[in-house]
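Q: Each chain, written out:
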Amino acid sequence: MLLLPLLALISLPLALALSNDQTQEQLVKLAEAGNGIIKVDDRTFDLLTAPKRDWSVTIVFTALDPRRKCGPCKEFQPSYNTVAKAWTKVPTTERNKHFFAIVDFDESMTVFQKLGLQSAPVVHVYPALEGPHKPASGRTSHITYDFGNGYDAEPLAEQLSQHTPVPIPYSPPIDWTKYGTFLGIALIAVTTLRFISPVLKSRWTWAIITILTTLIMTSGYMFTRIRGVPYSGGGGQWIAGGYQNQYGQETQVIAMIYGLLGSAFLMLTMVTPYQTSPGRQKAQIWLWNIVIFIMFSVLISIFRVKNRGYPFKLLL
Amino acid sequence: MLQAFWNWFDPTAWYPLGRVVGGTIYPGLMATSGVIYNILHALHLPVDIRNICVLLAPGFSALTAWSTYMFTKEMKDESAGLLAAAFIGIVPGYISRSVAGSYDNEAIAIFLLMFTFFCWIKALKTGSAFFGTLAALFYFYMVAAWGGYAFITNMIPLHSLVLIIMGRFSSRLYVAYSSWYAVGTLSSMQVPFVGFQPVSTSEHMAALGVFGLLQIIAFAELVRSHLSSKQFQTLLLASVIGLGVLGALGFVGLTYKGWIAPWTGRFYSLWDTGYAKKYIPIIASVSEHQPTAWPSFFMDLHFLIFLFPAGVVMCFNKLRDEHIFVILYAVVASYFAGVMVRLMLTLTPVVCVAAAIAFSSLLDTYIDPIEPESIVEGQPEGDVAGAVDSKKAKKTAPQPTSTALGDIVSKFSSSSKPSRPHGIFGLNTRLIVILNAIGMLIFFVLHCTWVTSNAYSSPSVVLASSNPDGSQHIIDDFREAYYWLRQNTPENAVVMSWWDYGYQIAGMADRPTLVDNNTWNNTHIATVGKAMSSTEEVAYPILRKHDVDYVLIIFGGLLGYSGDDINKFLWMVRIAQGVWPDEIQEPNYFTRQGEYRVDEAAPPTMKNSLMYKMSYYRFSELFGGNQAMDRVRSQQMPKTGPTLDYLDEAFTSENWIVRIYQVKKEDLLGRDLKTANAFAQGKKRKRTKPPVRRRAV
Chain A
1 MLLLPLLALI SLPLALALSN DQTQEQLVKL AEAGNGIIKV DDRTFDLLTA
51 PKRDWSVTIV FTALDPRRKC GPCKEFQPSY NTVAKAWTKV PTTERNKHFF
101 AIVDFDESMT VFQKLGLQSA PVVHVYPALE GPHKPASGRT SHITYDFGNG
151 YDAEPLAEQL SQHTPVPIPY SPPIDWTKYG TFLGIALIAV TTLRFISPVL
201 KSRWTWAIIT ILTTLIMTSG YMFTRIRGVP YSGGGGQWIA GGYQNQYGQE
251 TQVIAMIYGL LGSAFLMLTM VTPYQTSPGR QKAQIWLWNI VIFIMFSVLI
301 SIFRVKNRGY PFKLLL
Chain B
1 MLQAFWNWFD PTAWYPLGRV VGGTIYPGLM ATSGVIYNIL HALHLPVDIR
51 NICVLLAPGF SALTAWSTYM FTKEMKDESA GLLAAAFIGI VPGYISRSVA
101 GSYDNEAIAI FLLMFTFFCW IKALKTGSAF FGTLAALFYF YMVAAWGGYA
151 FITNMIPLHS LVLIIMGRFS SRLYVAYSSW YAVGTLSSMQ VPFVGFQPVS
201 TSEHMAALGV FGLLQIIAFA ELVRSHLSSK QFQTLLLASV IGLGVLGALG
251 FVGLTYKGWI APWTGRFYSL WDTGYAKKYI PIIASVSEHQ PTAWPSFFMD
301 LHFLIFLFPA GVVMCFNKLR DEHIFVILYA VVASYFAGVM VRLMLTLTPV
351 VCVAAAIAFS SLLDTYIDPI EPESIVEGQP EGDVAGAVDS KKAKKTAPQP
401 TSTALGDIVS KFSSSSKPSR PHGIFGLNTR LIVILNAIGM LIFFVLHCTW
451 VTSNAYSSPS VVLASSNPDG SQHIIDDFRE AYYWLRQNTP ENAVVMSWWD
501 YGYQIAGMAD RPTLVDNNTW NNTHIATVGK AMSSTEEVAY PILRKHDVDY
551 VLIIFGGLLG YSGDDINKFL WMVRIAQGVW PDEIQEPNYF TRQGEYRVDE
601 AAPPTMKNSL MYKMSYYRFS ELFGGNQAMD RVRSQQMPKT GPTLDYLDEA
651 FTSENWIVRI YQVKKEDLLG RDLKTANAFA QGKKRKRTKP PVRRRAV
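Line order of the protein sequences matches chains A and B. Note that UniProt numbering has the first sequence beginning at 1, numbered continuously upward. Note that UniProt numbering has the second sequence beginning at 1, numbered continuously upward.
The set of hints was computed from the structure by calculation and includes no laboratory data. It is possible that part of the hints are untrue.
[Unchecked claim] Straight-line alpha carbon distances no greater than 27 Å define the calculated DSS-like cross-link-like pairs of lysine-lysine that follow: (1) A:K69 with A:K97; (2) B:K318 with A:K201; (3) A:K114 with B:K607.
[Stated by the list, open to error] Here are the computed distance ranges between Cβ atoms for each label pair: (4) A:G235 with B:E600: 26 to 36 Å; (5) A:K178 with B:A248: 20 to 30 Å; (6) B:D648 with A:P173: 49 to 59 Å; (7) A:S232 with B:Q233: 57 to 67 Å; (8) B:Q662 with A:G116: 34 to 44 Å; (9) A:S232 with B:E600: 27 to 37 Å; (10) B:K545 with A:Q252: 48 to 58 Å; (11) B:N567 with A:S232: 43 to 53 Å.
[To be verified] Pulled from the structure, derived: some chain A residues nowhere near chain B, Cβ distances all over 10 Å: (12) T23; (13) K29; (14) N35; (15) D146; (16) T177; (17) V190; (18) I226; (19) L316.
Note that CB positions come from ideal geometry on N, CA and C, so glycine has one too.
Between the sequences and the hints, there should be enough to build the whole structure, so can you do that?
A: Below, the structure written as structure tokens:
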């Protein structure tokens, strides 16, 4: 496998002289050898992006060597491989009009330098310049893939399909573990229905579910989900600066404070009146009032961190 | 008059398409103000329509308070109702829409929401078709007023479905739901903007499905009451289930076939939160559609936010049919409010209701002057201890917390038994709780006053800042620029701007606009986005094709006004990319390091974009040789700013917030404007050396 790129390298001066068709044949062979992906070195890069190409190329510029410590590269590589693999299922006539290639920083630094790339991974799509697959917009320069949708294979396949002769026949693998757990839980639920039905029919089960949901939702859980914010900032800092921002840990702390305050009110209303001993009742009332006062002060002080201009404060 | 409203065609909006106003808005708000205006004039009270519009929101907020009172009264009692009304009257989450001058669909919609829910609860409780119909009528009004009516369309069926699942089907439910659904759906279809959606889109299918289910169940109940044979009943059960499954399959089939439209983007984005960002950037771009961080919840609801779960628990304690409604409302609305900031508005009423229930229960318990009979430990239960005894008992040392907690747990598990004696001993215990409660209410009032005066009282067109000495400084650039447009441009001059300012230009400058805040036409908005994010050469034909005479942009770099167009620019790029993925690509507007920069290091695509050029045109000259500084992005601008060939600077407001450019007409000699410009500046067409003369000019 390693021999082939080497071979290509040696035969390059020859290759340049070859006609377009021969270059393409060579590329097809390289692609087949690399399981759908052409491993690019300095010379094959010129072959791939030959000025008279009637094919298009997707190239990922990456740095997989552990020394480079490129986390995103490693995260992205499996997605890229599966998409490239999916492309090999396309009938030959279309398949040979689009290639997938990989440029590793440690193997062909000059390509990186030539393109002025300073970060990885980067995905470029070089459109065909001649022939029937030339883009209708007449675009000749390369297109850079937008990683805005993450490193997953699905958006990659979807976006690249806009530039390939036929859409990439990528279908996400069936998540057996998800279905398996779901089926398992369903089975357990059905078999133990007799035992858990009193739990399901109890209003307090549902009350707990409801209260937890509302607490989590009103503490900005959806914000952390949608924005994908980190659990906490570095160095023990867990409150994000700014009013329109928060960390994952804030959700937990705030939900806990809300829950404690709410339950203190509940205790005062629903539990302490049923206390038959005056002494105990008094102790409880004092306890819960102090809890309310202190927790509310804490809440206000955290809020003052988020909103600097807030003029009110209690204890803290 | 109605006909004239439906047929109202506005040629100045969405130029050159124009806009059929009657068919593309919810007419409720306009109709309401029109009716009020006509009534007042019939009474010979010559009130200006503008005053009505300004005062409409406060007026309707009074009605909201009243309907919240009625709603909460059904849940608990009058005292809780009064508290709820007081809460919703001042809570910032609702004040944002009820201040004078907030002439918005939501201004009347929240009243309609609460009143429809009240009618529904009343209909459900009494089984009266009258209240069911009343709910339907207010539902119709709501449909005519706000797109959020889908919330009612799904809340009432959800409530009914949960009641059915809990085995609480009753003829009251049947009457209430059937009257609401039949009348409500038929009348809502009379609104042109809604049309046949209630029978053809997925948002409305839950209501239809529950309606069908109720008919099947009611029929089954009827048959069962007339039959005794056991086998027949089994058969009936099977057939009922079969019918239900068939109906559900029918829905799936119809959706699959395309007879029932799938969820519209706005609603779909509520469930799949990543959907909007990927496929409909225009929805994701609106700041109101961003997810809500917790400070917003606290800011808008203050101490109600933690009383709210307590109130929900109390609803679980009683769990009558109407309490289930509050519980469902609480769960659904808190999820929605978390996903979108603007839906905080639908959460606010239920928070007020639940918090009022909790708070009034607390006050009921501790204001009640009757003391229970105490049972002193170690003594038989029959021993009656008076107030003196109980006071003595209280003087004993406080109990260790662990036993107190153990007590609580045991009490909590049995607290649902109402027969047990309960009450509060002594006066000082009452006092501390009541003082604490009053303190909280006072704090709430202070908080609401502060938030209202700081966040919701200032108009968005006139900005206020404070001078170093603390006095107020008014920044009036918007009105200055709009007035300039009104006075200095021909009446049919087309103004292009980003859609945020469309209504303002139409209203205050009275000029045709390309796009405005009614964002129904994504392609048209993307066209504007493309023009703004392309080079001058690409943008110019677009501008000319759309007859654009002036381009208006908002620039905050001089003053530090962060809501300007450069900060919104990426959304323009994204929206344009959605339509022209080949020509506009978002990554090209970032530096190689992935930063969004406007200074020297900005990528060429960014520097050549029309928006960048218009924003920073002649900006560096303002600093008289010093380093120019963009105060919003805190970046130092290059010494030589961008040049413009196809546009002329026409007007720049006092603080540079609004900049207006005139689009040049084609060159009379048929040259392209770039060469014409170069010629006018005295440059030769072919130059071998760098232009020396430029320095002299």
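Q: Hint numbers the structure violates, sorted upward?
A: 1, 11, 15 and 18
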